[in-house]
Structures are given as C-alpha cells and as structure tokens.
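The listed protein sequences correspond, in order, to chains A and B.
If you want my numbering, it's the 1-based position in the first sequence plus 24.
If you want my numbering, it's the 1-based position in the second sequence plus 10.
Check the hints yourself; a few may be wrong.
Derived Cβ-Cβ restraints for the label pairs, each shown as a range [stated by the list, open to error]: (1) B:Phe150 / A:Glu309: 55 to 61 Å; (2) A:Asp299 / B:Thr41: 25 to 31 Å; (3) B:Glu312 / A:Gln320: 48 to 54 Å; (4) A:Thr286 / B:Ala73: 24 to 30 Å; (5) B:Ala141 / A:Glu401: 25 to 31 Å; (6) A:Asp390 / B:Ile351: 24 to 30 Å; (7) A:Gln320 / B:Leu85: 51 to 57 Å; (8) B:Asp321 / A:Asp390: 42 to 48 Å.
Simulated crosslink set (DSSO-like; lysine-lysine; CA at most 27 Å straight-line) [as the list claims (entries may be wrong)]: (9) B:Lys62 / A:Lys389; (10) A:Lys239 / B:Lys62; (11) A:Lys266 / B:Lys206; (12) B:Lys219 / A:Lys335; (13) A:Lys335 / B:Lys91; (14) B:Lys192 / A:Lys239; (15) B:Lys219 / A:Lys298; (16) A:Lys302 / B:Lys219; (17) A:Lys244 / B:Lys71.
The set of hints was computed from the structure by calculation and includes no laboratory data.
Yeah, the Cβ is synthetic: ideal placement off N, Cα and C, and Gly gets one too.
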Amino acid sequence: MAEGLQLMPVEAIASAAGAAPLEITVSKFELLRELTATQGVVERKTTIPILSNYLFEAAGDKLSLTATDLDLSLRTSCVAKVKKEGACTIPARKLHDYVKLLPDADITIKLLENHWVSIRCGRSNTKMVGMARSNFPSLPTFPTAGVVKIPSQVLRSMIAKTGFAIASEESRYTLNGALMVLKPESITMVATDGHRLAHIERGGGKFEGVSGEMKTLVPKKAMDELKSLLDSTDAEEIEFAKDESTLFFRIGQRLLTSRQLTGQFPNFEAVLPKDNNKSITVHGEELSAAISRVAQFADERSRAVKMRLEKGELKLSASSTETGESEDSIEIDYNGDMIQIGFNAQYLLDFLKAAGNGDVKLEFKDSQSAGQMRPAEGEEYKYRYIVMPMRI
Amino acid sequence: MSVSSPTLAPNPWLRILDALEKKINRHSYDTWLKPTRYSHSSGGTLFVWVPKPEFCQVGDKYADLIQEALDNLGLEYQEVKFVPPGDDPAATPVRHDGGLSAYSAPATHPSQSRFDWDGAAQLNPRYTFDAFVIGSGNQFAHAACQAVAERPSKAYNPLFLYGGVGMGKTHLMQAIGHEISKRQPQLGICYVSSEKFTNEMINSLRYDKMTSFRDKFRNVDVLLVDDIQFLAQKERTQEEFFHTFNALHESMRQIVIASDRSPKELAEIEDRLRSRFEWGLIADIQAPDLETKVAILQKKSEQEKVTLPTDVALYIASNIRSNVRELEGALIRLVAHSSLIGAEITLPYTQQVLKNFIDSQARKVTIESIQKSVAEQFGLRLVEIKAKNNSRAIVYPRQIAMYLAKHLTEASLPEIGRQFGGKHHTTVLHSVEKIDGVRKTDKDLNRLLNKLTEQLGG
Chain A
25 MAEGLQLMPV
35 EAIASAAGAA
45 PLEITVSKFE
55 LLRELTATQG
65 VVERKTTIPI
75 LSNYLFEAAG
85 DKLSLTATDL
95 DLSLRTSCVA
105 KVKKEGACTI
115 PARKLHDYVK
125 LLPDADITIK
135 LLENHWVSIR
145 CGRSNTKMVG
155 MARSNFPSLP
165 TFPTAGVVKI
175 PSQVLRSMIA
185 KTGFAIASEE
195 SRYTLNGALM
205 VLKPESITMV
215 ATDGHRLAHI
225 ERGGGKFEGV
235 SGEMKTLVPK
245 KAMDELKSLL
255 DSTDAEEIEF
265 AKDESTLFFR
275 IGQRLLTSRQ
285 LTGQFPNFEA
295 VLPKDNNKSI
305 TVHGEELSAA
315 ISRVAQFADE
325 RSRAVKMRLE
335 KGELKLSASS
345 TETGESEDSI
355 EIDYNGDMIQ
365 IGFNAQYLLD
375 FLKAAGNGDV
385 KLEFKDSQSA
395 GQMRPAEGEE
405 YKYRYIVMPM
415 RI
Chain B
11 MSVSSPTLAP
21 NPWLRILDAL
31 EKKINRHSYD
41 TWLKPTRYSH
51 SSGGTLFVWV
61 PKPEFCQVGD
71 KYADLIQEAL
81 DNLGLEYQEV
91 KFVPPGDDPA
101 ATPVRHDGGL
111 SAYSAPATHP
121 SQSRFDWDGA
131 AQLNPRYTFD
141 AFVIGSGNQF
151 AHAACQAVAE
161 RPSKAYNPLF
171 LYGGVGMGKT
181 HLMQAIGHEI
191 SKRQPQLGIC
201 YVSSEKFTNE
211 MINSLRYDKM
221 TSFRDKFRNV
231 DVLLVDDIQF
241 LAQKERTQEE
251 FFHTFNALHE
261 SMRQIVIASD
271 RSPKELAEIE
281 DRLRSRFEWG
291 LIADIQAPDL
301 ETKVAILQKK
311 SEQEKVTLPT
321 DVALYIASNI
331 RSNVRELEGA
341 LIRLVAHSSL
351 IGAEITLPYT
361 QQVLKNFIDS
371 QARKVTIESI
381 QKSVAEQFGL
391 RLVEIKAKNN
401 SRAIVYPRQI
411 AMYLAKHLTE
421 ASLPEIGRQF
431 GGKHHTTVLH
441 SVEKIDGVRK
451 TDKDLNRLLN
461 KLTEQLGG
C-alpha cells in the first residue's frame, strides 16, 4: 500500500520546484523515449486517479518524469530547456499516445491555471487536464549506504532465465516474486511457482558492499520492469540498494523503486534433486521442436506430454480425446533403465527457450520425482531448472 | 472393446471382475481391479489392459481368485496376462473397425505434482495405513480416516479423532496425509501440532508477517492439526484458528483434528470452535484389547526383523496395560537388550528384562488405588471413604487417603476433593496439613503411612 511511499521525504530536486508553474521545451524524441520507458509502471485500472498521471518536474536543465502504482515507481529524466522551474501532473496514457503522433520537433509544456497543462508542438496546440502536483505520492530516497553494483548484462541474463517461472497470480505456497541472493563473490536468482523452479548462479564476481549473504525478494512486476529497463540501457552497471520497505535499482539516469515483498521464500534447497541417476544429453532446439509438435495434441488444460527414455531413444508423446495423439522420438545415447514420466509441455518449452542454443542435459530419477534440466556447457553461469512431473 | 454396451454380452474379463468383486474388499478392488480393462484374447490367453506397470502384480496377488473365477465361469483360458499401455502393441485396445482407439487410457485426469516445500515431507514415514494394526478399539476411527484419505473433503469434514495418550491418533492422522499425497499428489498437505501453529502465529504477529502466515495455513488442501487440546486458554490462537478453520471449510478443504479428549470435554476452548469440531465426524480411539496388542507387537517385531514367540508377545501384551507407545517401548527395550547381549528371546528372558518396566507399570499410583488401599487397611468400603459421612471412624482414614493422594499423585487439591465425593479443596488441604502434623508425633501413624506408601509403590 501507500505507506512506504508517502512517509518518505520528497527529493531535493522536486522541493525546489514545488510552487512555481513549470515551463519547459523538450525534444519529442527525448520525451517519447522516456514516456515509453515508464508506461509499464502506470496501472491501467486504478482507483486512485492521480496514479494515472505522470509527475513532471523541471529544474536546472532537466525534466524528470515519475510514474508509480504505489508498489512500483520509476523515475527518469531527459534533457530539457527549463524556462521556469516547477512541477505538474499529466495523464500518462493520453500524453504518450498524443506525443507519439506529434512531429519530430520541440515540444513546449507549460502549467496553466487549475492544473491544466498546455502542450505545443509546431502547429499543434493542446491543453490537457492535469491534477495538483501535491496529490502525487512522494518517492523514497535512494539510500546513501549499502549500495551494490551489479553488471547489467549479468542481471539481465539472470532475469531472462528465471523470470518466467515466477507464479503469475496469487497462488499458494509461493510468492509472486523471485529470490535474489547476493554474496561477496556471487549472485544467485531463484524463481518458482510451486511446480517448477529456475535457479541460476553466477560466481566469479566481486560485489562490494555485500557482507555475508544479502537476500532480497523481488516482486514479479519489478522483475518485469527491470528486464525492460535492462534491455534498453547502455549502462554497464546497475546500482542496487534497499531499506526496510523498499528496493532501489538505479540504471543510468533511471531509478526504479519497489515495495519489498513480505513473507518467506519457500525452502527451495530442500527440493533440489540429489540423486537423479538417469541422464541424457540432447540438442535443445531439437527437443524443443519435438515437444512443440506433440504438444499440439496434448490435453489443452493440462498440456501433459509423456517422455519415455529407452535404450538409444527418447520418445515423446501426447494424446487427447478431442484432437488425437502424436508421437515423436529423438535418438539419444542412453543405456540405462527405462523411465516414463509426464510433464507440462509449456514448462519444458519455457526452459528450453531460456537455455538458448546448444545441448541440454536432462536428469531423472523416477516417474514421481522432479526432473532436472540444465545447459550441457558450464559457462560462467550455473543454471538449473527443476520440474515436478505430472501423473498421467 | 473398452466400452461395454448394454446390448453386447459382457466381455470375459468383466465377468471375472464381477466374480472377484464379491470376494475382494472394496478398497482393494477399487484400487487394483476397477481400473483394468479387457484387451483381447488370443491363443488361449486372456489379455487385460492395465493403466500402469505396477498393476501387473495383480496377476500374482489374485492368482487364486482369478483361477477360481475362470473355473466357475467355465472360461477356457490357460493364462491371464496383464499388459500396461505402450508395452505391447498387441495389447493396445482395438476398436471394432480395427483402428487404434484414439484414447488408450481410461479417463484419469493428468495431475501436476507440486514441490513439497514443507508439507507432506514432515510426515513420519512409518505412520502409514499399512503399518497400522486395526483392532476393535480403533476400527471405526481407522475406517473414517481411510474414507477421508480416499475422498478428501467429500467424506467427513472435519474429522475429529480423539483418544488417550499413545493410542494411535498421530499415526492415523499422518497416514491420511501419506495416502492423500500418494493418490492426489497435486494436493497440498500440512501437518502441524497446535503448539507449532501457536508458535508460528506468535512469531508472525511479532515480525508482522501475518499475511504469509495466513497464506500458508489458509491455502492448504488438507490441514492436519494434532493435539488441539493445547489451544486451551490461548485466546488469540483460538481466534486465528477459528478463521483458518472457516476459510478452509468454506472452500471445501479437508480438516482433520486430533485431541486427547472429546470436543465436549475441551472445556477451555471457545464454544464456537468446539461446535465446529462437532460439525463433521467424531471418532474415538480406545485402548487396544489383548488380541490387538499382540498383533501390534508382532507387526512391529516383523518390521524390526525379529522373531517374537507368541508366549512372549502375550506376556508383554497382558502386562502392559496402558498405551501402545508403552507397548512398543517395551518391545524396543527387549529387542535392544537381546541384540546387544546376543541372547535369544524367550519368555523367562523377557520376564527378566522387562521386570522393572512392568513393575513400574503395575505400580502407577492413582487416587482410586489409594482409596482402595486405605479402605482395605481400615476395614472400610470404598464408598464410605467417598461419602459425606463425617463420623470419626471414617474421617480419619479419609484424611489419610487425602494426604497420600496429595503426596503420591500429581492431582491438585480440587481434583482430589472431586474424587472424594465432591469435597471442597480446603477440606483436602486441612486433611493434608493435619496428617502431616500428626505423623511427626505419632509413630504408629508414621509407620502406617510408610507401609501404605510402599504398598502403593510411590
């Protein structure tokens, strides 16, 4: 809820611009870029009207934009000619859609009476209905101590390989978030929805500012935003910090804050398989293609496919009363006992997509135990994926 | 031919199944035979389709009965073969037009298993239905538990089990957990003692983590709560449990509760909770009779891979009068002793090894035994000691009995008063103090008290 945000002091840059009516000129290109980057944070349906608006603050030679849904907030900025310092709020979606349609020229934004905002660009002249800047929630301040620098590409890769496994709605036993564990020499990320678990670890780094083990639960929405921000940034490192209630991620000139998740991350170490003695190595893409094909004929709801390991052959099959049945097989180097095990096809495909090209190693124990999958080559990442089977 | 239409004659396997159904208990029949299907016949062999490879053992298990059915029905098959799907192409169900049937498995819905973070894994692997010895004292409770395990939230909800110490409540409760997780792996099972529930709640309150506490307990599919009597006087916990109970019950999730006494006797639990316990089925577990105790000992010794002669089993069973836990304790003591010394288990050996164990058993002092001893000593009848009669001849022995009761048992003054026919606790206190004083000066009384104390084994 709002507690974390409203109680914190307002940032210096904003307070200076509190009373005065802002007037700025900014290039469409710059503005649109920032508007697009922050759209994801604004909630479509919100009961609090001010949250549908951006907060614009102008000071010095910068225009700062802030968007928030009370759990997550994103603050960014771009270069602007500030004629009069000040602040205002503008409907986020409407502004984005409108600015997109403007020509590539300079846009002049001016706060008018009654919180209306004038937007001029070329021959286009618009006045939008805004809201009082004072209604906008204040943001927490980035902590001065305990800041950890994480290489952007590392974090980006880890999120890509685990984010999909986070539970998508309020489901039992798990949190709607991933666990990030920072140690002086390594970073680990774990995500699960109770049926499958993705775990990735990268050692060999040096994370200053981390003593012992720093565990953080990152909410799903924050993970998603982080991913988009990391995808579009040039910054080599991101700065991460947290206080009792908030997480902070500073990427370049953008600051993402997120309410911390309360609760206990499930005891995932207890379910990491230890004695999966039946293993094979297959080509990831080949397996993915085969699964996709047979999955076309799997029961729509459960998406159950059967995997059968035999000497020299991996058989995949699926069937449903409505559509029929399909079988596929892959040649494998396997000489162990036969095992037949069912899985949700989507869970398998999610991993194979994240694992990328190359071979993957599949390790099983029996038809009731979790299977483990990982890329065959070590690389600098230790990536493993554990899936619970289906009883078919 | 996996569908039998009313106009067609039943296939041979169906006829055999019919015969078997009458001879096999419903539970086993439903589990092992009902899911099988007739496949085809060829060359004097009857092929039966089974859903999983494990079912192939059905042939061995019921070989005699199947043969009997074949003979009685006059079916001429040399053998019956059980074939799992995919194994033998010849066994795949074939339609009348010769094509492969599109759906070769019976309609068991695929169910996604989940990680077992901290649910069913907590269950003691020894506490399964298989390991439970059924006797007249626990038959009803056992049947109720099985029903719940087979159809969670549809049979009896809530299920309230109660019985004295060491009667098997926890065993049965956890057996439900094991069974459900076996049959329906997608269900989340949580086993807690009410003490753990209380502690977790207190912790969550303290660290402001009530949301995740509620998340945990209100989202399970099966909640097994042991020793509910420990919620007595814990108002906040009872309130939380009340809400948890409602949340689960309303969303058709199974609740099983174990207690050391019936709901009506749970005096210090709120009415609204108590009444909820009485909503479903209440099953009590009584002390096992001699035969059951012998069976338990034999089963347990089998598990420990030790041969227990019948006379030894009878001896232990007859002399351990209290609960199953003590029974098993005696057995473990015996087995350990014999394996450490390397001695053979015989009756004389057992009598020697368990001498103190059994002695201490027999000597458990109760208020009643005190009353009996004192009454005997003074030539009175038990009823007189407990009566309201205040004549000197009865008061004095009564005071002695109360004194001994206070010193030899754990009973409180009010409890003693109740046992003596509803005497006020101050009366008891007065008696205790009086006798205490007199014994210091009266040597005869002192000697008498010592004698009685020794007799009673305190």
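Hint check results:
no.: 1; hint: B:Phe150 / A:Glu309: 55 to 61 Å; verdict: 60 Å, holds
no.: 2; hint: A:Asp299 / B:Thr41: 25 to 31 Å; verdict: 29 Å, holds
no.: 3; hint: B:Glu312 / A:Gln320: 48 to 54 Å; verdict: 52 Å, holds
no.: 4; hint: A:Thr286 / B:Ala73: 24 to 30 Å; verdict: 59 Å, violated
no.: 5; hint: B:Ala141 / A:Glu401: 25 to 31 Å; verdict: 47 Å, violated
no.: 6; hint: A:Asp390 / B:Ile351: 24 to 30 Å; verdict: 41 Å, violated
no.: 7; hint: A:Gln320 / B:Leu85: 51 to 57 Å; verdict: 43 Å, violated
no.: 8; hint: B:Asp321 / A:Asp390: 42 to 48 Å; verdict: 44 Å, holds
no.: 9; hint: B:Lys62 / A:Lys389; verdict: 17 Å, holds
no.: 10; hint: A:Lys239 / B:Lys62; verdict: 44 Å, violated
no.: 11; hint: A:Lys266 / B:Lys206; verdict: 32 Å, violated
no.: 12; hint: B:Lys219 / A:Lys335; verdict: 51 Å, violated
no.: 13; hint: A:Lys335 / B:Lys91; verdict: 25 Å, holds
no.: 14; hint: B:Lys192 / A:Lys239; verdict: 34 Å, violated
no.: 15; hint: B:Lys219 / A:Lys298; verdict: 32 Å, violated
no.: 16; hint: A:Lys302 / B:Lys219; verdict: 41 Å, violated
no.: 17; hint: A:Lys244 / B:Lys71; verdict: 52 Å, violated
Going down the numbered hints, you'll see the structure goes against 4, 5, 6, 7, 10, 11, 12, 14, 15, 16 and 17, while the others check out.
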